[in-house]
Amino acid sequence: QYLNIEGKTWFADKTGTAAIWIVNTKNVTVNNSGSGAGFVWIQTPTTYLMSVYLSPNEGISKLDPEALRASLAKSCSTLQNNPTPDTRSETERTVLNIMKEISAACDASMPRLKNRSFHRPAYWWSTDIAKLRKICHQL
1 QYLNIEGKTW FADKTGTAAI WIVNTKNVTV NNSGSGAGFV WIQTPTTYLM SVYLSPNEGI
61 SKLDPEALRA SLAKSCSTLQ NNPTPDTRSE TERTVLNIMK EISAACDASM PRLKNRSFHR
121 PAYWWSTDIA KLRKICHQL
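Using the working numbering, the first residue of the sequence shown is number 1, and each one after it goes up by one.
Worth flagging that the hints you see were computed from the coordinates, not collected in a lab. Keep in mind that this is a model prediction, so the values were computed, not measured. If a hint is listed, it holds; no wrong ones were tucked in.
In the DSS-like style, the derived pairs of lysine-lysine whose C-alpha atoms are separated by at most 30 Å in a straight line are:
1) Lys100 to Lys8
2) Lys100 to Lys14
3) Lys62 to Lys74
4) Lys62 to Lys100
5) Lys14 to Lys62
Okay, the calculated beta carbon distance ranges per label pair:
6) Arg133 to Glu92: 53 to 63 Å
7) Ser89 to Thr9: 23 to 33 Å
8) Ala73 to Asn24: 36 to 46 Å
9) Thr9 to Tyr53: 16 to 26 Å
10) Leu63 to Ser33: 22 to 32 Å
11) Met99 to Val28: 16 to 26 Å
12) Asp64 to Asn97: 19 to 29 Å
13) Leu63 to Leu96: 17 to 27 Å
14) His137 to Thr9: 49 to 59 Å
We put the beta carbon where it would ideally sit given N, CA and C, even for glycine.
Required output: the full structure, derived from the provided sequences and hints.
Shown next as C-alpha cells:
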C-alpha cells in the first residue's frame with residue numbers, strides 16, 4: 001500500500017500490504033474488523049468487506065488444482081463432522097477453522113519461491129572493478 005492513515009478509517013493488515021480505507025464515515029459504520037498476513041476485513045451492519053494482497057511472485061498459473069481439491073475435500077469432511085454452531089463463539093471458532101483449512105489448501109497447492117539470496121546491484125560497481133576483482137581472485 002502507498003498510504004498509511006492514522007485513525008478509525010484505516011484498516012491494514014499486519015504486513016502493510018492490504019488495506020481498507022473508509023472515506024465517508026457518515027455512510028459506513030464499521031462494527032468489527034480483523035486482519036492477518038496479507039489480508040484485512042471489516043464488518044458493517046449489512047455486509048463484510050475483505051482486502052487481500054496476492055503477490056505477483058506467486059504465479060496462479062502454477063496452482064495445482066488437484067492438490068487444492070484434495071486438500072479442500074479432506075478439510076470439508078473434517079468440518080462436516082462438526083455440528084452446526086449454536087453460539088457466536090462457536091460460529092467464530094468454525095470460521096477460524098475454515099480459514100485455517102483454506103490457508104492450508106492454498107499452501108498445499110501453490111509452489112513457494114525458494115529462499116534465494118537476492119542482492120541489489122551496487123550503484124558503484126563497474127567493469128573496471130569487475131576486472132580487478134577477477135585478477136585478485138586469480139592470485
